[in-house]
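What follows is the residue order along each chain.
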Amino acid sequence: MDKARVLIVDDEPGIIEMLTMRLEACDYQVISASDGQEGLDKARTEKPDLIILDLMLPKIDGYKVCRMLKFDERHKQIPIILFTARAQESDIKLGEEVGADAYITKPFEPDILLAKVDQLLKK
Amino acid sequence: MKLIFGFILMALIILAIVISIGSFLGLILVKPILKLRDATEKVALGNLDYKVEIKTNDEIEELAGSFNLMLDSLKGTFTTIDKLNNEIALRKKTEENLNKSEERYRLLFSESRDAVMLLLPDNGFLSGNPAAIEIFGCRDEEDFKSRSPADLSPEFQPDGSRSSDKAREMIMLAVEKGSNLFEWTHRRVDGREFIATVLLSRLRISGETLLQANVRDITERKRILEELRQKNIALEKLDQLKNDFISVVSHELRTPLSITKEGISLVLDGVAGSINLKQSKVLTTSKDNIDRLARIINSLLDISKIESGRVELRKKVVDIEVLIKTIVASFQIMAREKGLELRVNLPKGQGLNLYVDEDRMIQVFTNLIGNSLKFTEKGHVDVSLEQRENEVEFTIGDTGIGIAAEDLPKVFTKFLQFGRSPGGGEKGTGLGLSIAKGLIELHRGKIRVESELDKGTKFIFTLPKYHENENAREHIEDAVEAAFKSNTHLTLAVVTFSYSDKIKDTYDGLAEDLFKTIKAQLYRGKDLVLKYPREFFIIMRDSDKNSALVVQGRIEQALRSYFETVNLSKDIKINFGLAVYPEEASNYQELVNKARLV
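Chains as they are written, first to last, in the working numbering: chain A, 8 to 130; chain G, 814 to 1411.
Any given hint could turn out to be false.
[Stated by the list, open to error] Which chain G residues face chain A? A few, computed with CB under 7 Å, are given here:
1. Asn912
2. Ser914
3. Leu1070
4. Ile1072
5. Glu1075
To be clear, the hints were calculated from the coordinates, so they are not data collected in a lab. It should be emphasised that the depicted structure is a prediction, and the values quoted were computed from it without experimental measurement. We treat Cβ as the ideally placed atom computed from N, Cα and C, and that holds for glycine.
Using the sequences plus the hints, can you model the full thing?
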């Protein structure tokens, strides 16, 4: 069976670097994008199995990226984990509204993140 | 001789007779005169009521009569004089009082720090006290009297109206209503302007209408008020800035913190190659401290949110006993490692429902239990609850080092970690207890502390009890508040049933099924249905009319098919009322009224 492919969209190279290393160690294949536009493009062309999406992104913010994918019949089945430093209740609510599957706040526990990824991919 | 003797005898007899007559006459004549003399003496002594009684039938009786008349008249005169004297005394007293009062008023007028003046309604000053002359910068009273109210004002008032027009209007109002208090901009003779409060009072003096004006310069007061207002705005801005600063910094710190933490974790987990024990120890310490930093940042964010009122409670019905057991279980390892006994003492029952924000409650209990474990070296930590009439009281007690009496009042002060040196373990932020207090108060509860040095500490807090049937108001008000804050909609549905007599007696048994049927149609966790003897309340947060209508359709459909299965379709009818915040109603009462009416 092919390795599951995870798309990381984050404008922080450090986050991409660390997450890539962690996910690859757990036998996932990782692709990345550093702004909302690139993230949207890669989600559409590469068709990843799961997306880890930062909220505060250049060009198109994470909520918009999430909504555009979730309201699109062809891509709405891709699970999306919103990944952000913002943890206000209203942000979480907004996340629910745009159809995100999970929400993880920074700084994150690797175990929790991996468990979520695992759980969403099994569905 | 005989003749001479006879003559002498005769003479003697005649003499005797004469003497007798004389003394008889003397007696008759002298007595009334003596009476008169006595009377005169008595009258002279002031006895005017005395009456002379002489019945001699002669001039003396007449004299006595005249005397008595004279006495009467004298008495009359004296009474009049008395009366006059009394009157004079009275007038004198009145005059004295008048003088005193006039003096007092004169002083009031002349010494008053307020400018006081009398004027005729048609704009002429009659008089002004020294303060009035001074406030307008006039030379003397003559100078003052030569000016009119409009002369002592700028051409226009701050509201743009012409001073002379507005002055007339104010005076007319005072004449009509009896008094008129207003703010006025005056202009002194030297041209300087000042803001004053003016009180015009109508006086009526012998048919004439006058106005008394009390003028007080409030320029300084206004200036100070304005200064205070500005300072207050600046302080509020500063406070906002502080909260924004904390919020932004906290968020900004999270990304680098995440990267660093994940980097260390990756190395520690061996993902970046194997490491030796020494390296692992160093990295573990680093990671622990990054976790600590993250806790501090979270606490800072929490406290700034609590202080600025930006905490949004996500309340729901929570079994607090289950929650306590779970939290306590998570602390058992830590307690055992310290050799402490961590005990839970809950009343035996089927759980206890409270209407709270579960995550925030976890935070409160975690802070308090963690705090107790931290400051206890031997013995035990007890978590217990007790039900009171309207609230539930929780106690977290320990046998730890205790808090000195002088430190007790400071326990909930943020950033304060006094004298207590924790026995190792996680370092605190000095914010945990203030956060717990803030969160408890947001839930309309109270917290207090009891402690004795070297004996132990007890944190006792209360939360309001939850009565499902009495909580509609609280639920709806919370939902309205949340909708207001997040600028979203809220829909309240009231569902009632009209039914035939046939099932009148069985309705109560049916109600539970109806409740379950309705509940099953609410897919979102934030929707809530409350059951009452005669109606059901459905609170749909974040729902405008259209989405509520969708839910209504679903519920009605489900209810109808339920009625079909129990063969009651003909006997029961559904009434569904909706009210939407903010379009149709703006508070609890309006929502309920509107939804019931439909």
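Hint by hint, here is what the structure shows:
1. Asn912: Where the cut-off is 7 Å and the nearest Cβ of chain A is about 77 Å from Asn912 (chain G), the hint is violated.
2. Ser914: With Cβ-Cβ at 71 Å, over 7 Å, it is violated.
3. Leu1070: holds, 5 Å
4. Ile1072: holds, 4 Å
5. Glu1075: With a minimum Cβ separation of about 4 Å from chain A (threshold 7 Å), the hint on Glu1075 (chain G) holds.
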